[in-house]
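Undergrad: Listed in order, the protein sequences are those of chains A and B. Residue numbering for the first sequence follows the numbering used here, starting at 3 and increasing by one per position. Residue numbering for the second sequence follows the numbering used here, starting at 6 and increasing by one per position.
No wet-lab data here; the hints were simulated from the structure. Misleading hints may appear alongside valid ones.
The following residues of chain A were derived to be distant from chain B, with all beta-carbon distances above 10 Å [as the list claims (entries may be wrong)]:
#, residue
1, 28
2, 70
3, 141
4, 232
5, 336
6, 341
7, 363
8, 381
If you anchor each label on the Cβ, the simulated ranges turn out as follows [said to hold, decoys possible]:
#, chain 1, residue 1, chain 2, residue 2, range
9, B, 149, A, 327, 27 to 37 Å
10, B, 146, A, 133, 34 to 44 Å
11, B, 224, A, 178, 28 to 38 Å
Computed from a prediction, not measured in an experiment: that's the story for all the values here. Cβ coordinates follow ideal geometry from the N, Cα and C atoms, glycine included.
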Amino acid sequence: MADAPLLQMRGIDKSFAGVPALTGVDLSVPAGEVRALIGQNGAGKSTLIKVLTGVHRRDAGQVELDGRPVDFGSVHEAQRAGVATIYQEVNLVPYRSLAENVCIGRAPRRFGLLDWRAINAEARERLAALDVHVDVTRPLHEFPIATQQMTAIARALSFDARLVVMDEPTSSLAEHEVGVLLDVVRRLRDSGVAVVFVSHRLDELYAVCDTITVLRDGRCVADAPLAELSKYEVVSAMLGRALTESERRGRHVGAARAAGAPTVLEARDLHRPPALNGSSVSVRRGEVVGLAGLLGSGRSETARALFGADPVTGGEMRLAGEPVAFSSPRDAIRAGLGFNSEDRKADGIVPDLSVRENLTLALLPRLTRRGVVDRGRQQEIVDRFVARLGIRMASPDQPVRELSGGNQQKVLLARWLCTDPRLLILDEPTRGIDVGAKQEIAELVDELADDGLSVLLVSSELEELINGCDRVVVLRDGETVRELAGADISEDAIVQAMAEGSAGAGEHGDA
Amino acid sequence: MPETVSDPAATRSPESAAAATGRRGAVWAARAQRYGAGVLLVLLFAYNALATPNFLTVQTLLDVQLRQAAPVAIVALGMALVIATGGIDLSVGSVMAIAGQVGALTLLAGVGPVAAVALALLAAAACGVFNGSLVVRYGVQPIVATLILFIAGRGIAQLLSGGRLTGFRDPAFQFLGLGRVAGVPMPVVLMVVLAAVLWFVVRYTAYGRTLLATGGNPRAARLSGVRVGRVTMIAYVASAALAGLVGLVVIGITSASDANNVGLGLELDAIAAVAVSGTPLTGGRISVIGTLVGAVVLRLLQNTLIAQGVPREVAQIVTGVVIVIALFLQRRSR
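Turn these sequences into a full structure, and let the hints steer you where they fit.
TA: So this is what it looks like as structure tokens:
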């Protein structure tokens, strides 16, 4: 295509609180092309997208759409110009119907009134085009995330978008749903829409993208047809260092050591219908135990039950051999547990509070003398963990919402590590963060376990479970169906147990 | 004047962000948001210094301006606490009336001034427990939960009064309203002391941190071991107790409890004071000094307009406009 690209961004600068987030970034996408945008957390992907879609004002540079300079002051303006964005978190109205969510703002009317029949029909049609066949009159929040995502896409397309920006659209989707989404992306491309596709999953990028832009530290470090770059080159460009690919660092040495160690926490037969129907798990001192299972298998529910966040209706728990029953997270924290929840934004950070206060939130009772916070000790702890985890920020007084996802996650990890827990429950600690930060967190968990910390690692990523765990407990329909240790931990074994595991085979041998 | 928002330094970022871009306009917008109420206070002060005879006398400042602002300011401090949890307290005006009536009646019953004050505050605190329980235990939305006592509370006070003005005369009891400490009127003393206490609590205590965490993200706070229910309850009880205290101040000044009028409409003035300080009503933030400045500004604004012969109705409209401007500045710097 010899025409000017549909989207042309040149020399974009943007900084926050004096810290540059983008420096001279270029991005161009012709119509009918899918461009991958990739980079570590904090590399500037989200900022670039927000500059494009009118959320942030750029400090310098030009944006041209169809050869005409544009300067969107709001998402709405961008939308009207044909730029639609699908964000990482679904940005719709949970209590309204699918149909309303698809048609909001430009609903068909008759005699000045909303024409419900037309609205529902249109929504049904648009969703059917994406291979989603559901009752569009039911409220959005009743549907799985995948359907919500498709609704967001249907909505974007209903604006006759010429440029669709997808910011990690697949991060909360199951495998077959990802396939459907990628098909949709291809269909968009074939119909002449330009797509900017952000994802951390390289396979997806290679499956659907034509060209790639790699950002690092707010600068553009690669811009090429994807076919010309190998995965290894992409990752290297992203990290800015050579990566020892496929380095399998199992923890089987640690496993041998942990085998004789005392059991820290043991839970048997936890019930909380409908999610939990007999889940059991035990963790020894210095052991990393993985909790695997498909979506809805009760992984997170087990973690929350252990931590006292949700009450159980049956089952028993022992901490260092003593029966315990936590009625609140506060009890669990007192007993030496920590729980890093899956949803960083909803259950983790307090956005307006500073890094300092977020980091020490769980430690407050112990940082306090007669109700007054010991600021000296607080600062000391913050300094120590910021350095230990390499948290990137302008200052400890910066509101945590301004940090990148990976750095927020590190702050949350530090929140628990500074309480010096006996058992740390990590629910999807690497979700939505880049390869580099992922690696750092995996290494950190490894080190901590070597120092005697017990870790329960809830994860949907097989690789993380296989490389990082001494044992893996597999859940299915809220029930523990399999326990794998040492050399038995393999992708095949886990997948088989998740898919069809029976409680009979290889049940928790030790504990 | 240092503002105490969610975190002393956390709020500095919009300003420093703007400063980094080097655009003067943005810097001024950020400043206007942070110090908007303060700037207004200075302007009003300067104007009055020139235009109002005798304004710059200790007597006018302490006995008129600050003393008149004190009741709203003290109630607004409690309101700021509740707002920081993400709630709101509409019942404060009615709680003032209840506390005033209980104080007057128990005083007349001969329990002595100290016991009368204690009983009145206890009655107010009980109202706070009622509000807090509805919100914490039964999950009632704060605006609805406190609406109950907003309506019923005044009825209770009126029932207690039997529909009559309850007059009394007791210098010790009325010290809260009429007394002076080192020449400073007691309401002003209370306002300053309570603001100082609250400022300390917000800035230096674990309660202050857990309060902001509760308002900022209750789910995350709970998972971090914060007793969210207790923190919220304390805010409602504190708000009601402060309102009760102000009820006693007000009846102390007038030597009579008027259940129909004590605290009437004060809840909205208090909310306005918090809003003018640039504190969003969504919770997770608090600005003690800003709230104080907000209350004083609103009072001074009204007094200034009325002193200039502007009709009360117009003065109210101007107050509304000022609130709109404050909120606009807040939006702009987002």
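Undergrad: Hints first: check each against the structure and report whether it holds.
TA: How the hints compare with the structure:
no.	hint	in the structure
1	28	holds (21 Å)
2	70	holds (25 Å)
3	141	holds (20 Å)
4	232	holds (39 Å)
5	336	violated (8 Å)
6	341	violated (6 Å)
7	363	violated (4 Å)
8	381	holds (12 Å)
9	149/B x 327/A: 27 to 37 Å	holds (34 Å)
10	146/B x 133/A: 34 to 44 Å	holds (40 Å)
11	224/B x 178/A: 28 to 38 Å	holds (31 Å)
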